[in-house]
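J.: One letter stands for each residue in the lines below.
There are 2 protein chains.
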Amino acid sequence: MLGFGSIGQGVLPLILRHIEIARDDITIVTAEPRGREVAAEYGIRFVEQAVTRDNLSELLSPLLRAGDFLLNLSVDVSSVALMKLCQERDVLYLDTVVEPWAGGYTDPALTPSQRSNYAMREEAVALREMARGGPTSITAHGANPGLVSHFVKQALLDIARDTGAPIAAPPPASDRAAWAKIAADLGVKVIHIAERDTQVADRPKKPGEFVNTWSVDGFVGEGCQPAELGWGTHEKALPADGHRHGFGCDAAIYLMRPGASTRVRTWTPLEGPFHGFLITHNESISIADYYTLRDADGRVLYRPTAHYAYHPCDDAVLSVHELAGKNWQMQPEKRLMTDEIVSGMDELGVLLCGHAKGAYWYGSRLTIGQARELVPHNNATSLQVTAAVLAGVIWAIENPRRGLVESDEMDHDRILEICRPYLGEVVGVYSDWTPLQDRGVLFPEEVDATDPWQFRNIRVA
Amino acid sequence: MLGFGSIGQGVLPLILRHIEIARDDITIVTAEPRGREVAAEYGIRFVEQAVTRDNLSELLSPLLRAGDFLLNLSVDVSSVALMKLCQERDVLYLDTVVEPWAGGYTDPALTPSQRSNYAMREEAVALREMARGGPTSITAHGANPGLVSHFVKQALLDIARDTGAPIAAPPPASDRAAWAKIAADLGVKVIHIAERDTQVADRPKKPGEFVNTWSVDGFVGEGCQPAELGWGTHEKALPADGHRHGFGCDAAIYLMRPGASTRVRTWTPLEGPFHGFLITHNESISIADYYTLRDADGRVLYRPTAHYAYHPCDDAVLSVHELAGKNWQMQPEKRLMTDEIVSGMDELGVLLCGHAKGAYWYGSRLTIGQARELVPHNNATSLQVTAAVLAGVIWAIENPRRGLVESDEMDHDRILEICRPYLGEVVGVYSDWTPLQDRGVLFPEEVDATDPWQFRNIRVA
Ligand SMILES: NC(=O)c1ccc[n+]([C@@H]2O[C@H](COP(=O)([O-])OP(=O)(O)OC[C@H]3O[C@@H](n4cnc5c(N)ncnc54)[C@H](O)[C@@H]3O)[C@@H](O)[C@H]2O)c1
Ligand SMILES: NC(=O)c1ccc[n+]([C@@H]2O[C@H](COP(=O)([O-])OP(=O)(O)OC[C@H]3O[C@@H](n4cnc5c(N)ncnc54)[C@H](O)[C@@H]3O)[C@@H](O)[C@H]2O)c1
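As they're listed, the protein sequences go chains Y and L.
If you count the first sequence from 1, position 251 lands on 251 in full-length UniProt numbering, and the numbers rise without skipping.
If you count the second sequence from 1, position 430 lands on 430 in full-length UniProt numbering, and the numbers rise without skipping.
Just so you know, the hints here were simulated from the structure itself, not pulled from any lab data.
Be aware that one or more of the hints could be misleading.
The list treats identical chains as one, so a pair stands whether inside a single copy or across any two.
As the list claims (entries may be wrong) - Taking lysine-lysine pairs in the DSS-like style, the calculated list, with each CA pair at most 30 Å apart, reads:
| id | residue 1 | residue 2 |
| --- | --- | --- |
| 1 | Lys357 | Lys326 |
| 2 | Lys236 | Lys357 |
| 3 | Lys236 | Lys326 |
Just chain Y, same shape as in the assembly:
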């Protein structure tokens, strides 16, 4: 296991609970002492050594025999480099994001396009050929990216059922075109990953401190990447600051600004309408790509707009506000909230919009209390991730020769079956919410009243 932060520590008890493996057969390699006592609690070998470009092979190869599993839960280590190594050594692999080498998210020598998740995903899926028939290598399978791709499938089936067009035998995950046709037929224009984290701590955020319920480095890294979104076929015009990449699958665009300064309107059942951050995520691109329907000549007929609309915990909202005020110069202190959380939940799901029933949110409501009762060393946010990591690991073991696989290509019902006990309440809720609701009351606003689901209506100007 590479990396032993909030996700690594949280997944270990799940792995030991659900997978038959000798403790001796697990090694943790990580850059810091953080988590050493948790490793000791479970009797797991703990190697404190940062993986770098230079020592990658030397450090990891001796630990990886054919048939082993490399579970990458680190930051700052290139996912692509690790996947290559795993293919070479016939080792199963899973990560929860496509991670670049240290600094890759914020290297000013790279163009915003080169720093995008789009570019990183293209680099990862380019390994598909090389990995064909090789050991299963799951890219970007946590809660989101990851679990939410399975939520999308379940939501589509629910909407089909509830709009009188039930799908008796869902197509296999490998049949992209069939799934894209379901989404297109239902008229889904927009897919948000709509998340509201209400977890709060017993102590206030201090000035100069970045606080979050999961990796501070991970969140700051992605928050400073350009805002990115899968770009739907119903969109009438590219945003003024919107750009295509000019290479790759072309399913997504990026905005010429950091996601952490880009707000969008979204909705969850418990929070109601709110502003989330348009943080770039692998799933914004992979989902838009997966649900792209093409004609025989390869011309795009249908694609939904897909993006993240993230309301992190309140202290993280404040942390982002402070960080923006310092022009993205990182705060001197970081705090990953764990034991100090006193209440709240992570309401994480997908919001499918534009179909006959308006908007449909499908997802997990997991409170901090439930999370703590279910699995030690987790908060509500991490457990949604670690349950999905566990499910991905089990699926890879059950499907060991699939080569490179994205979340959308995995069996959603099997993954949901494994995750469900750890997701709290899993619910689907319809809503007549649209981003035009209550707009323009005090000030005129430039909206497209003819189609609520245009991105220009969703974006907060």
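Please build the complex by placing chain L with the ligands on the supplied structure of chain Y, with the hints as guidance.
T.: Same frame as chain Y, but now just chain L with the ligands:
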């Protein structure tokens, strides 16, 4: 005394400490039971009755004899109506904002210009003629508006001294042109009211709760008004959403959006650079108007850009974020933080920019601990206000026949003398900060590199 919320309760002990008045001669009229126990503690008569358009004269006239003082610390009661009544009854008057009748800040039947502080101030200063030679009627004298106008004068004198052009005998406050010339000669282009409130409580903000260190209604009201700013002569272009009012003094513009959704870059000595909200305030207009230099034909030669750049306490930042997400539909619960504050300070001052020494911040740093030690029933925010209210009341008593007076027209040294014991550390600090610092590192940004002090550089896009 009209209204007995955070400011009313906080000023009462100061008045009793500094002004010789029999407790029997004070009456509190307020809309709610809030503060009843504080009134009782000091043995002050407490009348629980809301003042309305209809009952104003009937309710208040019997309480106001010639020579009395009406101290207006309420929300939802028209300042203009009260000032008229006081002129009629020969009664001294002070308020801390120009307040409209209930709902006036957010009446969608009014245009944004009509709902602006500009319009409200015009209506107030239109009473100048009527009040000439009458009882002193101080409009908008709290911390800001109020105290900060005196900070500006002190800051100008400090900068003059430190740039080798000391002003031996400062002009009287009544000599606007002389003061405007000082600012123009020093090259001051921009005046921010730059405030960072770091007060935090022992309990987190709840979802659905608006939390602030002073009036929640007051802050939400002004936050939903259009963003407004005094518009300087150095500005090259009106913002795309900027509008002139087309009537009145023309010192200010408004943006076609609420201030609570408009962020600006600013700086204070302890916080460093940060994003504040461009909340409209009376002083943005009064200061810009006061420091307007005209030629013999009345043409404007010089005016600084002036506006508020407010970082309220962290819980208020979150409250504003939540409110914006609900399209300005007020949260069901409100909480004015008092006893639950555990630490923090209000760093409130003025930032004068564009002169030979760059930027100069002059203001007060008052911690919650200091505030509590100095005067009961105050937090750091309220004490900066209540000290200024006290000073205004004393000044009115000392200068009883001045008619209508704005803060800029009062003697800054006398006011500062009275306030200083209650302001914690009062400091002036130079800085080489500009809004261009650290810009455009990760993403290209449209800035005017030839003049850092253009509003387009200051505004957060
Ligand atoms: N898909 C999802 O839903 C999801 C959710 C949360 C986190 N994540 C991702 O999972 C990863 C881990 O998240 P976390 O919250 O546990 O992060 P964390 O910051 O808590 O921990 C990161 C870990 O990586 C280790 N590390 C850093 N540099 C290293 C190096 N060079 N070599 C080896 N180890 C190194 C650190 O020592 C630490 O143990 C991040 O990439 C994050 O983005 C994904
Ligand atoms: N200039 C400044 O620096 C400054 C700073 C803080 C507050 N203020 C202003 O001071 C005023 C009071 O602020 P606060 O924090 O004490 O507010 P608050 O909300 O704590 O209290 C408002 C008070 O007004 C009373 N009130 C409401 N409607 C009334 C009515 N119709 N008739 C009589 N009383 C009524 C309420 O009962 C309450 O006692 C507000 O207008 C606010 O904007 C100015």
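J.: Hints first: check each against the structure and report whether it holds.
T.: How the hints compare with the structure:
1. Lys357 to Lys326: between (43 Å within a copy, 22 Å between copies)
2. Lys236 to Lys357: Classified as within; 22 Å inside a copy, 50 Å across copies.
3. Lys236 to Lys326: Close across copies (26 Å), not inside one copy (35 Å); limit 30 Å.
Violated hints are absent here; each numbered hint is respected by the structure.
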